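Peer 1: Chains as they are written, first to last, in my numbering: chain B, 1 to 658; chain C, 1 to 658.
Keep in mind the hints are simulated off the structure, nothing from the lab.
There's no promise every hint is true.
Unchecked claim - These stretches of chain C come out as covered by chain B in the derived footprint (C-beta under 8 angstroms, 3 or more residues):
#1 38–48
#2 227–239
#3 333–340
#4 409–421
#5 432–439
#6 538–552
Given the structure is predicted, the values throughout are model-derived calculations rather than measurements.
Glycine residues also receive a C-beta, built at the ideal position from the N, C-alpha and C atoms.
This is what each chain is made of:
Number of protein chains: 2
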Amino acid sequence: MRGPHALQPIDVPTLTAVLDGAHAEVRNQVREQLGAHAAMVHEAPGLATDDYRERVLAILQDSAQQGLTGLGFPKEYGGAGDVGGSIAAFETLAFGDLSVLVKFGVQFGLFGGAILHLGTARHHDRYLADLVAGRLLGCFAMSETGHGSNVQALGTRATYDVDTREFVVHTPTVAARKDYIGNAAAHGRMAVVFAQLEVGGEQHGVHALLVPIRDEQGGVLPGVSTEDCGHKHGLNGVDNGRLGFDHVRVPRENLLNRYADVTEDGTYASSIDNPDRRFFTTLGTLVQGRISVGGGGIGATKLALTLATRYGLRRRQFGAPGADTEAVLMDYRAHQRRLLPLVARTYALHFAQADLVDRLDRIFSADEPPAGELGDDPLEAAELERLRRELESDAAGVKAVATWHATAAIQTCREACGGAGYLSANRLGMLRADTDVFTTFEGDNTVLLQLVAKGLLTEFRDSFENLDPIGTARFVAAQAVESVAEKTSWWQLAERLRDAVPRGDNDNAGLLDRDYHLALFRWRDDHVRSALARRLKAGIDAGDDPFEVFSRCQDHVLLAARVHVEYLVLEAFDRAINAQPEGPTRAILAALCDLATLSQIEADCGWFQEHGRLSAARSKAITAMVGELCAALRPHAADLVAAFGVPEELLDVEMLAG
Amino acid sequence: MRGPHALQPIDVPTLTAVLDGAHAEVRNQVREQLGAHAAMVHEAPGLATDDYRERVLAILQDSAQQGLTGLGFPKEYGGAGDVGGSIAAFETLAFGDLSVLVKFGVQFGLFGGAILHLGTARHHDRYLADLVAGRLLGCFAMSETGHGSNVQALGTRATYDVDTREFVVHTPTVAARKDYIGNAAAHGRMAVVFAQLEVGGEQHGVHALLVPIRDEQGGVLPGVSTEDCGHKHGLNGVDNGRLGFDHVRVPRENLLNRYADVTEDGTYASSIDNPDRRFFTTLGTLVQGRISVGGGGIGATKLALTLATRYGLRRRQFGAPGADTEAVLMDYRAHQRRLLPLVARTYALHFAQADLVDRLDRIFSADEPPAGELGDDPLEAAELERLRRELESDAAGVKAVATWHATAAIQTCREACGGAGYLSANRLGMLRADTDVFTTFEGDNTVLLQLVAKGLLTEFRDSFENLDPIGTARFVAAQAVESVAEKTSWWQLAERLRDAVPRGDNDNAGLLDRDYHLALFRWRDDHVRSALARRLKAGIDAGDDPFEVFSRCQDHVLLAARVHVEYLVLEAFDRAINAQPEGPTRAILAALCDLATLSQIEADCGWFQEHGRLSAARSKAITAMVGELCAALRPHAADLVAAFGVPEELLDVEMLAG
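Bound conformation, chain B alone (with noise of 0.2 angstroms):
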């Protein structure tokens, strides 16, 4: 049986390098700034909730004053202009206290992001320095209690009345009220609110325009009403609230118009016809939100790693026969099972989240290109088109597994620190806490799964362009015959992928080749993207209703989802691997790659079976091998989570003391 390859030792800055990337200087810079708030990380458990607020607030005004809040905007209103960096200042941001975190991305990433990407000149030059200098805080008002994942059914209201020239923004009915918004129970003075806009009685959709809600002494203005969300079981250090409008009237200009205008005399204009694409185009601002709580999620994930991997380097308990010491955990191979491929996926969501950043950070500098540059020539304009809707589909995809494995990481390292785990003094409670809404906000995992099923079907055509899944049967039903067809033709490639593979004599054979898990995510990917297709089209086919069918197939389009999440993940790790030379560096990374990917294929191994892909002497080799790659990691275990670079004051917990 082949083994892994032994691994020569780490040199934890090169690897620290690595995985810094293009934005090393500002997640450095980052590491230093928290390094100043560690305090407050440490007592954050025990504030009250109103001392916890203030707090954080203090820090994100403190840190705006010092100029470290505007990377992602444009330089003549205070910012950097890197959107890349700016998402990776967030990463590492997840160090650090999560209310801080979620605190920036409230006021920086949503109500910022807003304004600059739905908004134009005359936003951007009369908020954009205030916001970025913290002296105007904001919220992104677009849930509602009774509306939070179908955004195109909110119920507040935007009646443009022609007389004054001034918008009604309404509230009609509790459900209606916007509910969740950071920002909105204390310290924000203004919102961009989501609603249905109405001109001349005609319906236009959701679209965003802004609403002062507080006035300078944090007095709430006439007609609008708030109220706290109160104590939530994370991020408490955040104030969120709920919002109701009642005839609150604003001028027409305050309607964020860069898609969509309604001029004095009430006419409505948009440069985009399709209503449902004007929608998704207003919400497609919404991916770097997601791409942030993905990132937020896999620096809180490290951090936990970091936490737990260096107690299960201390921790003694029971042991060998006969020595003098007990045995430290990490030397259990249960401990390693439990731990070290979580944190071989923690490497592998780190590489695919830091290729959506550079898709991002492309796609927004072509998006406002120096004059004549790009955008300009329609067919570039079309290709743009594309790359921004795949990034949107990969990006939901991505914040969904990165914020699900989150959860489920941070669990078991609250776990496998035992009651030292649950002390608030040892962070991994809080840890777990604060991310646990990550699955939850800037768009639910289960919802953005099937955003990604329906994008992964349809081929992001136009006609489809609409959040309901049930159409997504529908349209699969009418339409997708030729593309049924051309994923069977993938399918057919696949095959031939899969003969390529190295099978050898044995079930080990080609266990440890990247290729072939490549073939085999890829093979995976098309085939229940294929069966899924068909399955739906047969349904339909038969007349059943099309709700039915969705719905029977609703776990189908979720596994669809996944599966191609899995193979965009591995190939992301594939391209990093191998961008580095030769060496001790990419020998580890190669083997964490091999962790992550087998590990992946034993959970799934039921799957893989069951669609003729592993014998089941293969499925027992693959759990053989994980074991050994982890046995072969262990030695590394303290340099593995070294090099994600968590600040040591943030490490300065009880159970590490001493």
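Fit chain C to the known structure of chain B by using the hints.
Peer 2: Quick look at chain C alone, frame taken from chain B:
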């Protein structure tokens, strides 16, 4: 394809009566008590730690004054002598605030239980009435900073001073301080301290003795040091703390001397000669705590599932095309798949738990029998001992499986309620955080499963009474040859059982046949166990280092325990169903059992395929059948959770209002 039978409407009171079983009256009493605590339940998330602790204490003392806390204690001390009832009450308390639950557990289960079971009349007469009445609050001081799981290696010392006829209790190192101890930070006045007993220079292993720690006014006594564990991830209404002893002297009579005593002149004597066996007998009193924690986890899961199911039945999102209203979440197959198998498994675990409680009740009744009735006959005593060991092992296994289920199920419930699930007002966040430590306390789940596996491999032989997992490998190597042979015959038996299973011509034959499920689970139990024994033996026979052999097989050890517990759970559910008359209640239980079992097989379909027990087609058929069972149970979802009998006042949360 034979699908699940159409199910008739559920009669909720009948189903509740089946669940409540023999302890319906006690459960209903607690349900009424809990109504009075509803306000506290809803206010808890916002309480400062000190307030919260005092509120919890007040509830405990109030309950004690009403005579509600003595259920498990003898009548002469204000109790009811109803061990089973006391655990049923504890399970039901889990619908309320879990800090209250755990404070009850510390005071009456651990502290009270230790005095009851490890002490003798002198301790009972002096303390039981006061502790039942909540006048004497106490601690169960076993865990130390350095040792949680490996209790035999505790560092606290109790040295007999023959001159003064006192024990000197001492904490020699920081690692030996008592840690995570409930009631230690604030309310406890006395502690049952587990310490290494030394008499006349001779070590006798871990024994328990009573050490006063605070005076009547709450002042810490000389020589005792206390420290607050501070904020915890959950259960902040319980005052966990650390205790240190600086040569603290207690009278000789403070030794809890049921199994061993020291005479005035310093002679050590025990009714149990073998020190390991004595230690395990002492620890055996923990069984009640473990059963309680498992039951508490199941109770909390019932509450969470009730909340999430009700929310899923009212929350609408997206929907069928052309429909006026959006669809309720529970009409989506993916949502059914998320929640209904968890409901089914909670039923399954309920019956496994009820079985443990019955056995505990019988054993503890036999344990302190009316004079001459039972226990005098040595043969009966041996049988009692065997039953007790088996119960300890099964209780450890069910505790591990049930508390991991609680962690996963409550997490899923939180996510299934989206943002609403994250607000503390809706209870799920606190439920998650409070129950999180259930997988750790009263025995870390991973360690408990190793204990189960050890019992399976050694059939509870005396010679192998020690917690050290490495010993397992050596024991198996040294003595288990004929045991392995026996297991081979079990295997053959299982093969015959398998052949007896109706398979028919298609892949669905027998899928809903409970005898088939039982045969499959039993075969897996036998197979994994015997394969493990062979593997351990082969490693030792080959001369490999025993620690290495054990570590290599550790996942196999854990699997052996887990699949054994799965078999126990299915057996218990099967018996409970068979005890019901034919009719709608029996039919619904059978459908739940099918769903619980097939979901487990689906989750492990890789293993069953690897071992030739599922064909690919049959594995796929199981996945399809799980979906069908979910659809069949969907119309009954509200009733299935209503039957858990959570008082309405405890379900009066924001997201279910209006």
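Peer 1: Are there three or more residues in the stretch 409–421 of chain C whose C-beta lies within less than 8 angstroms of some C-beta in chain B?
Peer 2: It holds: at least three residues are needed, and the stretch 409–421 of chain C offers 6 whose Cβ sits within less than 8 angstroms of chain B.
Peer 1: Are there at least three residues in the stretch 538–552 of chain C whose beta carbon sits under 8 angstroms from a beta carbon of chain B?
Peer 2: holds (count 5)
Peer 1: How does the stretch 432–439 of chain C fare against chain B when you require at least three residues with a CB closer than 8 angstroms, holds or violated?
Peer 2: holds (count 5)
Peer 1: Can you tell me if the stretch 38–48 of chain C counts as covered by chain B, using C-beta to C-beta distances under 8 angstroms and a minimum of three residues?
Peer 2: holds (count 3)
Peer 1: Taking a Cβ-to-Cβ distance below 8 angstroms as contact, does the stretch 333–340 of chain C have at least three residues touching chain B?
Peer 2: Since 3 is at least three, the answer is holds.
Peer 1: How does the stretch 227–239 of chain C fare against chain B when you require at least three residues with a CB closer than 8 angstroms, holds or violated?
Peer 2: That given contact holds, which follows from 6 residues of the stretch 227–239 of chain C lying within Cβ reach (below 8 angstroms) of chain B.
In this structure, every one of the numbered hints holds.
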